[in-house]
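**Q** Letter by letter, the chains look like this.
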Amino acid sequence: MKILMFGWEFPPFNSGGLGVACKGLTRALAAEGTDITFVMPRAVPVTDTHMQFKFPTSSDVVFKTVNVLLSPYRTPEEYATLRRSGLGGTFARDLFGEVERYALYAQAIARTETYDVIHAHDWLAFPAGVAAKRVSGKPLVLHVHLPSVDQGGGHGFDPRVFQLEKEAFAVADKCIAVSQRVKDALVNDYGVRESKVVVVYNGLDLEDVSAFEKMSAERVADIHDDPIALFMGRLTLHKAPDKFLDAAPLVLSKCPEARFIIAGSGEVEHQLIRQAASRGFANRVHFSGFVRDAERTKLLTGADVLVMPSVAEPFGLVALEASASGTPVIVSKQSGVAEVLRHALKVDFWDVHALANDILAVFKYQALKQQLMHSGGLEARAATWDHAARACIDVYNTLGVAYARA
Amino acid sequence: MHQPYRVRRYRMFDIGTNHNYFDTDEETDLNNARVLRKVAQKSYRPAGEVFSALLRTHPEFKFAISITGTLVEQLEKHDPYTLKLYQDMVNTGRVEIVGETYYHSLASLYSMPEFVRQVRMHRDMIQRVFGVVPRVFRNTELVYTNHVAEWAERAGYKGILAEGWDGVLQGRSPAFLYQPSNTTSIKALLKHYKLSDDVAFRFGDSSWSGYPVTADKFANWIHAHHGNGNTVNLFMDYETFGEHQWADKGIFDFMRHLPRAIMAHPDTVFMTPSETADAYPTVDSFDVPHVLTWADTERDLSAWVGNDIQKSAIEDTYALEQDVLRTYDAGIIEDWRKLQTSDHFYYMCTKYFNDGDVHAYFNPYENPYEAYIAHRNALEDLKHRIERYTVR
Numbered sequence: 001m002k003i004l005m006f007g008w009e010f011p012p013f014n015s016g017g018l019g020v021a022c023k024g025l026t027r028a029l030a031a032e033g034t035d036i037t038f039v040m041p042r043a044v045p046v047t048d049t050h051m052q053f054k055f056p057t058s059s060d061v062v063f064k065t066v067n068v069l070l071s072p073y074r075t076p077e078e079y080a081t082l083r084r085s086g087l088g089g090t091f092a093r094d095l096f097g098e099v100e101r102y103a104l105y106a107q108a109i110a111r112t113e114t115y116d117v118i119h120a121h122d123w124l125a126f127p128a129g130v131a132a133k134r135v136s137g138k139p140l141v142l143h144v145h146l147p148s149v150d151q152g153g154g155h156g157f158d159p160r161v162f163q164l165e166k167e168a169f170a171v172a173d174k175c176i177a178v179s180q181r182v183k184d185a186l187v188n189d190y191g192v193r194e195s196k197v198v199v200v201y202n203g204l205d206l207e208d209v210s211a212f213e214k215m216s217a218e219r220v221a222d223i224h225d226d227p228i229a230l231f232m233g234r235l236t237l238h239k240a241p242d243k244f245l246d247a248a249p250l251v252l253s254k255c256p257e258a259r260f261i262i263a264g265s266g267e268v269e270h271q272l273i274r275q276a277a278s279r280g281f282a283n284r285v286h287f288s289g290f291v292r293d294a295e296r297t298k299l300l301t302g303a304d305v306l307v308m309p310s311v312a313e314p315f316g317l318v319a320l321e322a323s324a325s326g327t328p329v330i331v332s333k334q335s336g337v338a339e340v341l342r343h344a345l346k347v348d349f350w351d352v353h354a355l356a357n358d359i360l361a362v363f364k365y366q367a368l369k370q371q372l373m374h375s376g377g378l379e380a381r382a383a384t385w386d387h388a389a390r391a392c393i394d395v396y397n398t399l400g401v402a403y404a405r406a
Numbered sequence: 001m002h003q004p005y006r007v008r009r010y011r012m013f014d015i016g017t018n019h020n021y022f023d024t025d026e027e028t029d030l031n032n033a034r035v036l037r038k039v040a041q042k043s044y045r046p047a048g049e050v051f052s053a054l055l056r057t058h059p060e061f062k063f064a065i066s067i068t069g070t071l072v073e074q075l076e077k078h079d080p081y082t083l084k085l086y087q088d089m090v091n092t093g094r095v096e097i098v099g100e101t102y103y104h105s106l107a108s109l110y111s112m113p114e115f116v117r118q119v120r121m122h123r124d125m126i127q128r129v130f131g132v133v134p135r136v137f138r139n140t141e142l143v144y145t146n147h148v149a150e151w152a153e154r155a156g157y158k159g160i161l162a163e164g165w166d167g168v169l170q171g172r173s174p175a176f177l178y179q180p181s182n183t184t185s186i187k188a189l190l191k192h193y194k195l196s197d198d199v200a201f202r203f204g205d206s207s208w209s210g211y212p213v214t215a216d217k218f219a220n221w222i223h224a225h226h227g228n229g230n231t232v233n234l235f236m237d238y239e240t241f242g243e244h245q246w247a248d249k250g251i252f253d254f255m256r257h258l259p260r261a262i263m264a265h266p267d268t269v270f271m272t273p274s275e276t277a278d279a280y281p282t283v284d285s286f287d288v289p290h291v292l293t294w295a296d297t298e299r300d301l302s303a304w305v306g307n308d309i310q311k312s313a314i315e316d317t318y319a320l321e322q323d324v325l326r327t328y329d330a331g332i333i334e335d336w337r338k339l340q341t342s343d344h345f346y347y348m349c350t351k352y353f354n355d356g357d358v359h360a361y362f363n364p365y366e367n368p369y370e371a372y373i374a375h376r377n378a379l380e381d382l383k384h385r386i387e388r389y390t391v392r
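Chains A and B supply the protein sequences, listed in that same order. Heads up: the first sequence at position 115 corresponds to 115 in this note's numbering, and the numbers run straight through without jumps. Heads up: the second sequence at position 133 corresponds to 133 in this note's numbering, and the numbers run straight through without jumps.
These are calculated hints, taken from the structure and not from any lab test. Fair warning: there could be bad hints in the mix.
What the hints assert, rightly or not - To be clear about the criterion: a stretch of chain B counts as covered by chain A if any three or more of its residues have a C-beta under 8 Å from a C-beta of chain A, and this derived list gives those stretches:
#, segment
1, 300 to 311
2, 367 to 376
Unchecked claim - Have a look at the derived ranges for each label pair, beta carbon to beta carbon:
#, chain 1, residue 1, chain 2, residue 2, range
3, B, Lys38, A, Ser195, 54 to 62 Å
4, A, Gly266, B, Thr17, 35 to 43 Å
5, A, Ser210, B, Glu27, 43 to 51 Å
6, B, Thr17, A, Gln370, 24 to 32 Å
For every residue, glycine included, the Cβ atom is placed at its ideal position computed from N, Cα and C.
Generate coordinates for the entire structure from the input sequences, incorporating the hints supplied.
**A** Right, dumping it as structure tokens:
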């Protein structure tokens, strides 16, 4: 089975959550014996060998290579701001120009490659997928990681993006949603037929599981003896780091030795620092900035609890990673990962009291903490990409793509 | 018949300031008064009316009820009309009340003295409310061991109910009375779980081969025991009638017709548990060194103390016993006992995550961890209240 896949980014270069998901899924799909050609709108220095990459740098491309400064979570508005700032290389007139160029490139690729099915990730790559289907007539699967109605917790909503998605969903043969809540958005907000949408949850890399298991076994509880609550993610309002901070004084009122770590960067970072300072508990709150690799692991396993209070979260992989590494997690009920993790505490994002209550419960009740660490860890480590890959193959099969496992 | 006092969303911030663990106005299944009204309307009242009518029209019809103190309290407070329905039935002399713990607790496994106190409280309440004294004992969720049977004999009961589980019976029939190990006079009445569950679990299940079960069909299954048994003991949750099995599935019609269908066979009679114990000899011994219950396929305690938070919650509860009793504070003692009700620990169960058996599992909390935190916070407040007496 040959898959022509359209993405927008790929680790390690300029990678957000979408790139990480694409890498995890394609590796698992390759392990299932599929051949994947992964197309991106520009050249990036990839080191992975599990599939073939295509960029618009090769000679068979009919239009000029563009060097763009884009990430999937940028809205057209943000794009315009960045463009004015003069960062990056050549810009198209706007983000839609980039998306259009990508679709043109996709058309060219679609003519020359051989494949059985087309699979595109999120709205920036949807026109590329649609273009490929128009050229080849092959079945099209659209994988929805972040629908624009959820972008910026609904604040980044752009009617043009919405329209583009809606038209693409109409053309698609099947849609894959990363959670039931994303599926609900597709059905309720975009009017996609219920039977056309399949939920396929994100997961962990199978080969990382043993590392997570090791982390869990050797947890470094000694960053500090004080109980630590960790927020890890982009500092944007829809991730609700402000709710995390709102919970802090409540927690401190019952547990003065508690510490709060905010790991990440983003547009509300300064606001958060002011918030912590003005309320007089700045000495209990630590801003680590964006962290990666060993430092990230150290924070994840050193925390007593990871809090992900997002206003809207299509999935929320960090909670799965934290749980896999043996850290209890509190997630908002408005997150996709809450559908997967049963051994987790769940709160409504607006209920700061419930959040503070649950943080304190993990700090104070050892049996609770131990069971979340143990059972949550087992559960998260079983949620791997190979399940997602097999579910995708099932989707391809329903579209009449003949596939015998290699 | 049982309803617990569910613990409301009792938060960390309530500890030390608010000692109300159980009452809430929220419109959820954590609102005990609301649940009571709902179950009374769906089950206790319509079922009581059906059984009352049967007692009037069928002079041979008899049955027994096991009703907890926590339910009687709530009925007295919120629905005395329904309670009166049951008092009148007991007054006919054909409805027996079986003894158990007042709080529907698992005390027999954690503190025999506390267990005995709760059984006495229950006996006194039954005498006050119904004017009778229980002669047969059934423990919470049919928790049974040789030890419990030995205690029940010493306490003067003539019978004790237990699950008629194949693992213990080893091919013998539950349709006879058995002699609990190390006892001489008390008799074990074993639940005929197949026929009981046909009504309690399978009645409305259209995928079951026995579906639909009519009164005549079910009576025939009972009559089939003539010649190879003395008694068919049907024990089930009372909420089977109208709450687990709905009226529109025909459960009440089934019950209306059942006595006539059963009496159609001339050798069949209805008996209460104490009459059964009087009427038949034991045929063999019943040896249960390890805990037997009527729950799930395992017939064990895993639904209540199967995971670590459950074990911790129940152990932490009973660890307070001496400190609680030493306060002689009726409010503290009562709250502690309400926190012993087995339902609290059941709500913390995570085993149903795995076996897909969730349909049989009801939880007023959104997840087991929420149940644990609310209960554990309440215990923490209880400790604060106790400290006011001990720190002097």
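**Q** Compare the structure with each hint and give your call.
**A** These are the hints, each one checked on the structure:
no.: 1; hint: 300 to 311; in the structure: holds (count 4)
no.: 2; hint: 367 to 376; in the structure: holds (count 6)
no.: 3; hint: B:Lys38 / A:Ser195: 54 to 62 Å; in the structure: violated, 35 Å
no.: 4; hint: A:Gly266 / B:Thr17: 35 to 43 Å; in the structure: holds, 37 Å
no.: 5; hint: A:Ser210 / B:Glu27: 43 to 51 Å; in the structure: holds, 47 Å
no.: 6; hint: B:Thr17 / A:Gln370: 24 to 32 Å; in the structure: holds, 28 Å
Consistency note: the structure conflicts with earlier hint 3 alone.
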